[in-house]
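*Asks:* Spelled out from the first residue to the last, the chains are:
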Amino acid sequence: MKMESVRIVALREDRKRLLEHLQDSALIQVKKRDRSENGFSKVDMTSQMQVFERNVSLTETSLKILDEYVREKKGLLDSFKGRREIDPDEIGVIASNAGEVMTVCNRIISLNKKLTDNAAEKVRINTTLAQLEAWKNLDIPLNTQDTKSTAVFIGSLPSAYTEASLKERIAEENPKLEFESELVFSQNNITCFVLFAPISQKTMAEDVLRTLGFSKPMSPTSHTPKQKAERLNKQLIKIEAENDECIKEIISLADRREEIKTTQDYFRIRADKYNVINELDHTRHVFVINGYIPEEDSEKLRALCERVATCYVEFADAGDDAPVKLKNNRFSKPAQNILTMYAAPSKGDIDPTPILAFFFYFFFGMMFSDAGYGFLMVVVIGIVLKIFKPDERMRNNLKLFQYCGVSTMIWGLIFGSIFGDAPAALYNYFTGANVKMTEILPWPTLDPQKDALMLMIISIAFGLVHILVGMGCKFYICFKEKDYKAAFFDTGLWMLMLTGFAVLGVGMATTQTVMMIGAGIAIVSAVGLVLTQGRDKKGFGKVIGGLASLYDVTSYISDLLSYSRLLALGLTTGVMAQVFNMLSTMFGRSVVGLIFMIVIMLVGHAINIGLNALGSYVHTMRLQYVEMFSKFYEGGGEEFEPFSLNSKYIKIQEDK
Amino acid sequence: MFSNGIFFAIVGASIATALAGFGSAKGVGGAAQASMGVLSEDSSKFGKMLVLTLLPGTQGLYGFIVGFLILVNCGVLGGSIPTVMQGLAYLGASLAIGIGGMVSGFAQGRASVSGIAMSAKDDRNFSKAMVSVTLVEIYALLAFIVSLLVVISVPAIKI
Numbered sequence: 001m002k003m004e005s006v007r008i009v010a011l012r013e014d015r016k017r018l019l020e021h022l023q024d025s026a027l028i029q030v031k032k033r034d035r036s037e038n039g040f041s042k043v044d045m046t047s048q049m050q051v052f053e054r055n056v057s058l059t060e061t062s063l064k065i066l067d068e069y070v071r072e073k074k075g076l077l078d079s080f081k082g083r084r085e086i087d088p089d090e091i092g093v094i095a096s097n098a099g100e101v102m103t104v105c106n107r108i109i110s111l112n113k114k115l116t117d118n119a120a121e122k123v124r125i126n127t128t129l130a131q132l133e134a135w136k137n138l139d140i141p142l143n144t145q146d147t148k149s150t151a152v153f154i155g156s157l158p159s160a161y162t163e164a165s166l167k168e169r170i171a172e173e174n175p176k177l178e179f180e181s182e183l184v185f186s187q188n189n190i191t192c193f194v195l196f197a198p199i200s201q202k203t204m205a206e207d208v209l210r211t212l213g214f215s216k217p218m219s220p221t222s223h224t225p226k227q228k229a230e231r232l233n234k235q236l237i238k239i240e241a242e243n244d245e246c247i248k249e250i251i252s253l254a255d256r257r258e259e260i261k262t263t264q265d266y267f268r269i270r271a272d273k274y275n276v277i278n279e280l281d282h283t284r285h286v287f288v289i290n291g292y293i294p295e296e297d298s299e300k301l302r303a304l305c306e307r308v309a310t311c312y313v314e315f316a317d318a319g320d321d322a323p324v325k326l327k328n329n330r331f332s333k334p335a336q337n338i339l340t341m342y343a344a345p346s347k348g349d350i351d352p353t354p355i356l357a358f359f360f361y362f363f364f365g366m367m368f369s370d371a372g373y374g375f376l377m378v379v380v381i382g383i384v385l386k387i388f389k390p391d392e393r394m395r396n397n398l399k400l401f402q403y404c405g406v407s408t409m410i411w412g413l414i415f416g417s418i419f420g421d422a423p424a425a426l427y428n429y430f431t432g433a434n435v436k437m438t439e440i441l442p443w444p445t446l447d448p449q450k451d452a453l454m455l456m457i458i459s460i461a462f463g464l465v466h467i468l469v470g471m472g473c474k475f476y477i478c479f480k481e482k483d484y485k486a487a488f489f490d491t492g493l494w495m496l497m498l499t500g501f502a503v504l505g506v507g508m509a510t511t512q513t514v515m516m517i518g519a520g521i522a523i524v525s526a527v528g529l530v531l532t533q534g535r536d537k538k539g540f541g542k543v544i545g546g547l548a549s550l551y552d553v554t555s556y557i558s559d560l561l562s563y564s565r566l567l568a569l570g571l572t573t574g575v576m577a578q579v580f581n582m583l584s585t586m587f588g589r590s591v592v593g594l595i596f597m598i599v600i601m602l603v604g605h606a607i608n609i610g611l612n613a614l615g616s617y618v619h620t621m622r623l624q625y626v627e628m629f630s631k632f633y634e635g636g637g638e639e640f641e642p643f644s645l646n647s648k649y650i651k652i653q654e655d656k
Numbered sequence: 657m658f659s660n661g662i663f664f665a666i667v668g669a670s671i672a673t674a675l676a677g678f679g680s681a682k683g684v685g686g687a688a689q690a691s692m693g694v695l696s697e698d699s700s701k702f703g704k705m706l707v708l709t710l711l712p713g714t715q716g717l718y719g720f721i722v723g724f725l726i727l728v729n730c731g732v733l734g735g736s737i738p739t740v741m742q743g744l745a746y747l748g749a750s751l752a753i754g755i756g757g758m759v760s761g762f763a764q765g766r767a768s769v770s771g772i773a774m775s776a777k778d779d780r781n782f783s784k785a786m787v788s789v790t791l792v793e794i795y796a797l798l799a800f801i802v803s804l805l806v807v808i809s810v811p812a813i814k815i
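Going down the list, the sequences are from chains A and B.
The first sequence begins at 1 in the numbering used here and counts up one residue at a time.
The second sequence begins at 657 in the numbering used here and counts up one residue at a time.
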């Protein structure tokens, strides 16, 4: 669609109102620029913006916390659901509630912080308790000091002793030391004990203990270990109670979730607006908006601006770096996502969506090729669209598959496949007859298994058409840009050559004359290529360049062969379905057999749909991207992203 | 020694199913490991990761179809008992998808792992990753078509 650049000059006092209306209407994309024009300055709104963005992230965090404690009930199909629609008048209410909702968010976050702090505290207490465990039989505090006459040592040695062996070991170390010891705890590689010695021998005792590897306990307290442990246990209970309360409170706040979401969107929208103000040029009294707008919307914009503000609107040619907005009819619009997934068209490109859409539906149908599956796709997607009213992007994706479903149905009927050979299989199962699908269906079918070769030729023929259409686009683009040499020599001759080969192929199957005509066309175009492809080179290079270009024929051949996947995937769907039908009817005609049949059929066809729909989607996409787009499509344009209400959960109803 | 070719036909069916399945199992297994790594960080990417993980899974499917069609044609699940030469023809045909499927399954699995890493970094890379991974598939498809064309036409060949 043609874009224009637009420049709106308005009074500063109208800024808020004008921007709000522009954001609601989503008509323009604001140009981002590094420097302002002469005589203008920028208004710095960064600090306000940061406040809003901080609020957005606060709400995000609190929603995440709520999700941790109270899972949001989400159905399997809820992801199709569109944003909640709200009345424009509701915005005022949301704005006035925003402060209160933010307090709720802050509360949730502080509760969560309390919970994490408590968790850390719990770990600390548990470690201390584990350390105290060894000392629980000691009836004096761990930090008992020396008395006037006696030195007290409380601590542990890094090996196991008994009461007697400890005394022996100490005496061995220094026989002169007079001491009294009491073992508190002993295990594999640790012995906790208390040692009393006369104060006069304190240094001697210290020396002895040091050589044995004595160490003091980690957390000395003035209570006996037992008291200390009791206190810590009480603390643990208190923390548990606190945690329970926090969690209870968070859970009680969970029903504010919807409000938090709405508020998040409210702040997001405001942050966007301030972000735009940052980009605008201001003087003392007026400000200027520079942006892009699709040409067809320009009058709408002028009317809007003049209605809400005192302003001057001016349009101009958009220039080369304008963003692209694609406009397509109902048939091809769903395929737009496929195109933008590859790349938006650049300035020189044509919009290939209609062609892409047609071949996408066509090839997908040919690969998935089952009337039953196609019917399911159409009906299920229809129901989902009706019930959930998804957002535009999701709706387009679903529509894409619905159209593919129609094509799948048609190809299924051509190939004579309805849930594989289910009708025939079921008929045989209940009557014991032995009929084939072809005998049931009243129209002539093309059985991919029997006529595989035929179908392969058809696939490659479709491929040839696909590639020729792609090259036709290139031809058209070159022609439009008046690059006639490129149009006729680089593209036209190759198209001619491929056509020649096709005619030659037809000739091989029919008459010699047609074959001769085909060969003639191919040879003429080959000569043409040799003569023209070296035209940019000098001297001898001309000949080499021309001859070398003929080597490209291999790439065209490999492109064409690539279309044999149409046959392969078409076959896969059909054969897989048949396999499941066959397995399901294998258990004979009894109640158990019937149950087995139903279960296997349901599960089998579900698997088949999943696997082959994925395969068809991926391979169709590949045929478009690799085989066709490589012929003409440049891509690399920028998509038109209007300044709009960019919300995640709510959608404001349009005025009626 | 052999009065008919059913043994060879069954060996063929096994080769097609097992080797191609081996390739796919290894490919999908590696891709699944990589995607689970990504999912442990961000579980919302499940859909995309699933697609990339499943891509190397098709080889096994092709192998299975060839194996199944052999069984259908050679008298195990229908059709008539093949001659020795027909049995050998089935065996020969199954080698294409067996070996082709296995090796391309390995290769596609590795490509998938890279694709998963790539789209874990940026969602927009997904379609590029997907198409690149699919490039490998064509060789499995070609092998499949060769096997298939032979298997379908063997009953009609009088050898």
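You may find that some hints are simply not true.
Listed next, the in silico BS3-like pairs over lysine-lysine satisfying Cα-Cα at most 27 angstroms (straight line) [as the list claims (entries may be wrong)]:
#1 Lys114/A / Lys300/A
#2 Lys399/A / Lys814/B
#3 Lys682/B / Lys648/A
#4 Lys333/A / Lys784/B
#5 Lys114/A / Lys248/A
#6 Lys333/A / Lys701/B
#7 Lys701/B / Lys81/A
#8 Lys327/A / Lys389/A
#9 Lys216/A / Lys226/A
#10 Lys32/A / Lys122/A
#11 Lys784/B / Lys64/A
These are calculated hints, taken from the structure and not from any lab test.
*Asks:* Now tell me, hint by hint, if it's right for this structure.
*Replies:* Here is how each hint holds up against the structure:
For the given pair, Lys114/A sits about 54 angstroms from Lys300/A by alpha-carbon distance, which is inconsistent with the 27 angstroms threshold. At most 27 angstroms may separate the alpha-carbon atoms for a hinted pair to count; Lys399/A and Lys814/B exceed this at roughly 50 angstroms. With a C-alpha separation of about 40 angstroms, the suggested pair Lys682/B and Lys648/A falls outside the 27 angstroms cut-off, and the hint is violated. Simply put, Lys333/A and Lys784/B have alpha-carbon atoms about 21 angstroms apart, close enough for the 27 angstroms limit, and the pair holds.
About 13 angstroms separates the Cα atoms of Lys114/A and Lys248/A, which keeps this hinted pair within 27 angstroms; it holds. Restraint check: the Cα-Cα separation between Lys333/A and Lys701/B comes to about 26 angstroms, which is no more than 27 angstroms; the hinted pair holds. Between Lys701/B and Lys81/A the CA atoms are separated by roughly 18 angstroms; this keeps the pair inside 27 angstroms, and the hint holds. Simply put, Lys327/A and Lys389/A have alpha-carbon atoms about 22 angstroms apart, close enough for the 27 angstroms limit, and the pair holds.
About 18 angstroms separates the Cα atoms of Lys216/A and Lys226/A, which keeps this hinted pair within 27 angstroms; it holds. In summary, the hint linking Lys32/A to Lys122/A is not supported, as the alpha carbons are separated by about 52 angstroms, beyond the 27 angstroms threshold. About 31 angstroms separates the Cα atoms of Lys784/B and Lys64/A, which puts this hinted pair outside 27 angstroms; it is violated.
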